[in-house]
Amino acid sequence: MHQVAAPARPRRNTELLLLLLGLGIGVGANLLGAIGMDREITTEYWVQGAVLAIMALLFHLVLRLKARYADPYILPIVVTLNGLGIAMIHRIDVAEGDSAASRQLVWTVVAMGSAIVLLWLLKDHRILRRWPYLFLAISGLLLLLPLVPGLGMEINGARIWINLGVGSFQPGEVAKVTLAIFFAGYLSANRDLILLAGKRLGPITFPRFRDMGPLVVAWLISMGVLVFQRDLGSAILFFGLFMAMIYLATSRTSWILLGLGMVAVGGVIAVNTISHVGLRVDAWLNAFDPDVYNRAAGSYQIVQGLFGLASGGLLGTGLGGGRPDIVAYANSDMIIASFGEELGFIGLAAIIMLFVLLVTRMMRAALGTRDTFGKLLAAGLAFTMALQCFVVIGGVTMVIPLTGLTTPFMAAGGSSLLANWLVVALVLMVSQSARRPVAVGPMVNASGAGSGHQDPATGPGIPGTGTPGTGTPVITAPGGRTA
Amino acid sequence: MSELAVAALRLGLLLVMWILIISIVSSQGRDLMVGARNKVRARSGTGTPVAAGAVGAAAVAQNGSSEAPPVSGGQSASPPARPLATQLVVTEGPLKNTVVQLNGTPLLLGRAEDADLVLEDDYVSGRHARLFPQGSRWFLEDLGSTNGTFVSGNPLSRTVAVEPGTPIRIGKTVLELRS
Numbered sequence: 001m002h003q004v005a006a007p008a009r010p011r012r013n014t015e016l017l018l019l020l021l022g023l024g025i026g027v028g029a030n031l032l033g034a035i036g037m038d039r040e041i042t043t044e045y046w047v048q049g050a051v052l053a054i055m056a057l058l059f060h061l062v063l064r065l066k067a068r069y070a071d072p073y074i075l076p077i078v079v080t081l082n083g084l085g086i087a088m089i090h091r092i093d094v095a096e097g098d099s100a101a102s103r104q105l106v107w108t109v110v111a112m113g114s115a116i117v118l119l120w121l122l123k124d125h126r127i128l129r130r131w132p133y134l135f136l137a138i139s140g141l142l143l144l145l146p147l148v149p150g151l152g153m154e155i156n157g158a159r160i161w162i163n164l165g166v167g168s169f170q171p172g173e174v175a176k177v178t179l180a181i182f183f184a185g186y187l188s189a190n191r192d193l194i195l196l197a198g199k200r201l202g203p204i205t206f207p208r209f210r211d212m213g214p215l216v217v218a219w220l221i222s223m224g225v226l227v228f229q230r231d232l233g234s235a236i237l238f239f240g241l242f243m244a245m246i247y248l249a250t251s252r253t254s255w256i257l258l259g260l261g262m263v264a265v266g267g268v269i270a271v272n273t274i275s276h277v278g279l280r281v282d283a284w285l286n287a288f289d290p291d292v293y294n295r296a297a298g299s300y301q302i303v304q305g306l307f308g309l310a311s312g313g314l315l316g317t318g319l320g321g322g323r324p325d326i327v328a329y330a331n332s333d334m335i336i337a338s339f340g341e342e343l344g345f346i347g348l349a350a351i352i353m354l355f356v357l358l359v360t361r362m363m364r365a366a367l368g369t370r371d372t373f374g375k376l377l378a379a380g381l382a383f384t385m386a387l388q389c390f391v392v393i394g395g396v397t398m399v400i401p402l403t404g405l406t407t408p409f410m411a412a413g414g415s416s417l418l419a420n421w422l423v424v425a426l427v428l429m430v431s432q433s434a435r436r437p438v439a440v441g442p443m444v445n446a447s448g449a450g451s452g453h454q455d456p457a458t459g460p461g462i463p464g465t466g467t468p469g470t471g472t473p474v475i476t477a478p479g480g481r482t483a
Numbered sequence: 001m002s003e004l005a006v007a008a009l010r011l012g013l014l015l016v017m018w019i020l021i022i023s024i025v026s027s028q029g030r031d032l033m034v035g036a037r038n039k040v041r042a043r044s045g046t047g048t049p050v051a052a053g054a055v056g057a058a059a060v061a062q063n064g065s066s067e068a069p070p071v072s073g074g075q076s077a078s079p080p081a082r083p084l085a086t087q088l089v090v091t092e093g094p095l096k097n098t099v100v101q102l103n104g105t106p107l108l109l110g111r112a113e114d115a116d117l118v119l120e121d122d123y124v125s126g127r128h129a130r131l132f133p134q135g136s137r138w139f140l141e142d143l144g145s146t147n148g149t150f151v152s153g154n155p156l157s158r159t160v161a162v163e164p165g166t167p168i169r170i171g172k173t174v175l176e177l178r179s
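Residue numbers (this note's numbering), protein chains in the order written: chain E, 1 to 483; chain X, 1 to 179.
Since the hints were made in silico from the structure, they are not lab data.
Hints are supplied without guarantee of correctness; some may be wrong.
As the list claims (entries may be wrong) - With the C-beta cut set under 10 Å, the calculated list includes, among others, these residues of chain X facing chain E:
no.: 1; residue: V6
no.: 2; residue: R10
no.: 3; residue: L11
no.: 4; residue: I19
no.: 5; residue: V25
no.: 6; residue: Q28
no.: 7; residue: P106
no.: 8; residue: E141
no.: 9; residue: T166
No residue lacks a Cβ here, since even glycine has one placed at the ideal position from N, Cα and C.
With the hints as extra help, turn the sequences into a complete structure.
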């Protein structure tokens, strides 16, 4: 893990300019939806635009005050995606007579507010490293919540929602973030042990079970819960997060081979034993077969999405000009097809490009930061974001079987929005520590891992952060104490 | 609103989306370049203040003019390429004259049974130190041992590169690399 120098410039003004451009796109798209459908521009449109702008500018202001050196591109990209999402949801609302856009707006305020609070209170992401097992417990709790009778809700065969009274919530989305924090914390503390201790068989070193134990348990818990809840998309996401973080921590290619092997075996077993996974694969392979198309859980949705993408063509029908509402879940699972229809290939390519830029910025934060925990956290979250985009967009465009994952920041759904904004806050914190000028002083660790900053997680009396061996200080006198 | 105006606005939206993307890409400039020009490695040869200075120098070079290629101190400090040392020889201690053949994989030194070089010595910790290759050099890292690891008589406080012939002392054992 080498380090990459970054210019120590705050660049908050660049962020403000790009943010205004992004807000212009979001609000403009919303208004264009009304114009395209020959509707009067009601106060609702202006309220949505104003609320989004106020929250975005508030976020920008908090960054100016609390994280001056944070990455200047992440916020504009995310606000643009969020604004485009609200515009498309609102436009589909008009066609379907729904009010999902107002709910999405409320969730946007909640999500951005939570991200701001997290940024304001936490200040430094390394504090999270102190309690990896707390985050493991939280993840387990969140994943188990939907199975609690009376609280959990089952929609379309997947039991992943809980009833909050005012609406439903998908705790698994937030578990994704807490699990990433656990993996980053655990692996950054035990990296050396996993790398070094173990049995060597040929070219591959197998780690000892007691070093890997907590990780395997965490993985089994999440997989088991996902099998019981029958949520294929999240299972792929958790597994991908797990493999990516182990590979990042150990840089051993054998992990990737092992992971791909497990995916292949698990995939074959799932297709042949779990009926609903088998149907999904069948709907993917034989999508245009009339039997499959007309079946209850068939390929109607995905084929309609493809028809929508086709009718969009290069430039799209324009917002309000197409019929994205024909597709089931046009504003959540299939929102990418809706965008493809109304903004065309050029617009959809721009959206994918924005996701690519977002992921590269998150990876850049990981490369630039000096602490292992921050590196693992930001890179793991970036990989998860990329994998989620691939699974969703690949599913809609029939590259892989369709699974029920949400498009980050765009799809209607509060839990996904909340989780992804929390990811943004965490990555901004990591990028702040990556980009700020290096501090030099008598109390600062000036060399080795985590140099340049006073590390809040290595204060007195915090176990589990050091390297293996003994925790006693180094005695340099000759004939020192017995080890 | 006329058809033409609506069509123009729709095209305008696509255009602004790509303007945003192009402005982000052009404004990040060299920032994403993780190649030689933007790399400052924590090499052992450069002392702490020098390393910090190299980071600063790279930052200044980037801040200054975008045309001039930034000249950072990190890269110029790297030694000329030469083959990786292939032997680890025990020169003092109970295992004197033991030769360990190195095949380019990391090596664990300590009292633990699963260490690559087991040092039976009460002054050695279970997992005492780690020797790992990077580029054309071997690096030594102390794994939080009780009594420390010494290179040329100096206790290790961070990972350092070890040249062939430099004595490494762990407890009663002294080792050195041979190429």
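Consistency of the hints with the structure:
no. : hint : verdict
1   : V6   : 6 Å, holds
2   : R10  : 4 Å, holds
3   : L11  : 7 Å, holds
4   : I19  : 7 Å, holds
5   : V25  : 7 Å, holds
6   : Q28  : 7 Å, holds
7   : P106 : 7 Å, holds
8   : E141 : 8 Å, holds
9   : T166 : 18 Å, violated
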